[in-house]
Amino acid sequence: MSMSNIPYLDLTAYRTQGIFQAPHPPSTHGYVYYNSFDWTGFTTSTETRVDNVQACVARSVLGGWQFFTYLGANATCLHKRPTDAAQGIDLVFPTDAKLACDFNGICWNELQNKDFKDAFDLLDRDGVIVPPRIVKGGKECGRKCFKHSNVCAAASFQEDGRKCFFKQPLFVNDASTYAGVIWYLPRADLTASLVGASVAEETEAD
1 MSMSNIPYLD LTAYRTQGIF QAPHPPSTHG YVYYNSFDWT GFTTSTETRV
51 DNVQACVARS VLGGWQFFTY LGANATCLHK RPTDAAQGID LVFPTDAKLA
101 CDFNGICWNE LQNKDFKDAF DLLDRDGVIV PPRIVKGGKE CGRKCFKHSN
151 VCAAASFQED GRKCFFKQPL FVNDASTYAG VIWYLPRADL TASLVGASVA
201 EETEAD
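Position 185 of the sequence shown, counting from 1, maps to 185 under the UniProt record's numbering, and the rest follow consecutively.
It should be emphasised that the hints constitute simulated quantities derived from the structure, not laboratory data.
Built from N, CA and C at the ideal position, the CB exists for glycine as well.
Treat the hints with care, since some could be wrong.
Have a look at the derived ranges for each label pair, beta carbon to beta carbon [claimed, not checked]:
hint: 1; residue 1: Gly161; residue 2: Ala73; range: 35 to 43 Å
hint: 2; residue 1: Thr83; residue 2: Thr48; range: 17 to 25 Å
hint: 3; residue 1: His24; residue 2: Ile134; range: 37 to 45 Å
hint: 4; residue 1: Thr12; residue 2: Ala86; range: 28 to 36 Å
hint: 5; residue 1: Thr83; residue 2: Asp174; range: 19 to 27 Å
hint: 6; residue 1: Arg162; residue 2: Gly63; range: 18 to 26 Å
hint: 7; residue 1: Thr12; residue 2: Ile134; range: 21 to 29 Å
hint: 8; residue 1: Gln54; residue 2: His24; range: 12 to 20 Å
hint: 9; residue 1: Thr12; residue 2: Asp174; range: 13 to 21 Å
hint: 10; residue 1: Ile129; residue 2: Thr40; range: 15 to 23 Å
hint: 11; residue 1: Gly88; residue 2: Ala22; range: 29 to 37 Å
hint: 12; residue 1: Arg162; residue 2: Ala55; range: 33 to 41 Å
hint: 13; residue 1: Leu62; residue 2: Pro131; range: 33 to 41 Å
Restricting the straight-line Cα-Cα distance to at most 25 Å, the calculated cross-link-like pairs of lysine-lysine (BS3-like) are [unchecked claim]:
hint: 14; residue 1: Lys163; residue 2: Lys147
hint: 15; residue 1: Lys163; residue 2: Lys136
hint: 16; residue 1: Lys136; residue 2: Lys147
hint: 17; residue 1: Lys147; residue 2: Lys114
hint: 18; residue 1: Lys114; residue 2: Lys136
hint: 19; residue 1: Lys117; residue 2: Lys163
hint: 20; residue 1: Lys114; residue 2: Lys163
Produce the entire structure from the sequences given, and follow the hints as far as they go.
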């Protein structure tokens, strides 16, 4: 993971969230996007032209993309692809999923062996790198990110040491730019709250 870092921001005021129902095949997805933020830390992106950020959400879901940046100035949706990572490093979504994985070992709340290319480490108010949370696994890492959704947009889980690193997109001085996160909601989680329902301060003990 990159040693780059940025001061963490309270994401609450920038956040819009919702649920998207995909028709074919029928599936349900949670999404969150942040105004004036950009996902820069991804290996590749695929570009499509859409009229607004909601259309970018829809196109991303239907195309199987979990991260996007929408550039409103030129009506462009950049579907982001995380980089391949070593076994034991997973990219985790901000969800308190009850059903973490299916019977085939596919986990709904994480992308296994994937990570951010530039995984910015968060800095606290004094400029000190925020240490990772120590968790039991990727499922708990996602729940930690969900609980602290005012500062965590997604997370990196490292099996070695059971470490959960909170991540944010990069703040940009452009109100027409949006950074988004999308994840699958299995049937058991359809009634679960979206991120931010129980916002905790970054300094709160876990």
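Hint check:
At about 42 Å, the beta-carbon gap between Gly161 and Ala73 stays in the expected band of 35 to 43 Å. Distance hint check for Thr83 and Thr48: the Cβ-Cβ separation is about 21 Å, which falls inside the suggested range of 17 to 25 Å. Taking 37 to 45 Å as the suggested C-beta distance range, the pair His24 and Ile134 conforms, at roughly 42 Å. In this structure the supplied range 28 to 36 Å holds for Thr12 paired with Ala86, their Cβ-Cβ distance being about 33 Å.
As the Cβ distance of Thr83 to Asp174 is approximately 25 Å, the hint placing it in 19 to 27 Å holds. Evaluation of the 18 to 26 Å hint for Arg162 and Gly63 yields a failure: the beta carbon distance comes to about 33 Å. Restraint check, Thr12 to Ile134: a C-beta distance of roughly 25 Å satisfies the suggested window 21 to 29 Å. Roughly 19 Å separates the CB atoms of Gln54 and His24, a value that falls within the hinted 12 to 20 Å.
The hint said 13 to 21 Å for the Cβ distance between Thr12 and Asp174, and at roughly 19 Å that hint holds. For Ile129 and Thr40, the hinted distance range of 15 to 23 Å is satisfied, since their beta carbons lie about 19 Å from each other. Range check, Gly88 to Ala22: Cβ separation about 31 Å, and the 29 to 37 Å hint holds. In this structure, Arg162 and Ala55 meet the distance hint of 33 to 41 Å, their C-beta atoms being roughly 39 Å apart.
Here the CB-CB span from Leu62 to Pro131 is close to 38 Å, well matched to the stated 33 to 41 Å. For a cut-off of 25 Å, the pair hint linking Lys163 to Lys147 stands: about 16 Å separates their Cα positions. Of the pairs offered as hints, the one joining Lys163 and Lys136 holds, with about 9 Å between alpha carbons and a cut-off of 25 Å not exceeded. A hinted pair counts as satisfied when its Cα atoms are at most 25 Å apart, and Lys136 with Lys147 qualifies at roughly 16 Å.
Distance restraint check for Lys147 and Lys114: the Cα-Cα separation of roughly 22 Å lies within the 25 Å cut-off, and the hinted pair is therefore satisfied. Pair hint Lys114 plus Lys136 holds up; C-alpha atoms about 19 Å apart against a cutoff of 25 Å. Annotation: proposed proximity of Lys117 to Lys163 holds, straight-line Cα distance about 18 Å (limit 25 Å). Restraint check for Lys114 and Lys163: satisfied, since their Cα atoms lie roughly 15 Å apart, inside the 25 Å limit.
In summary, the structure is inconsistent with hint 6 from the numbered list given earlier, while agreeing with all the others.
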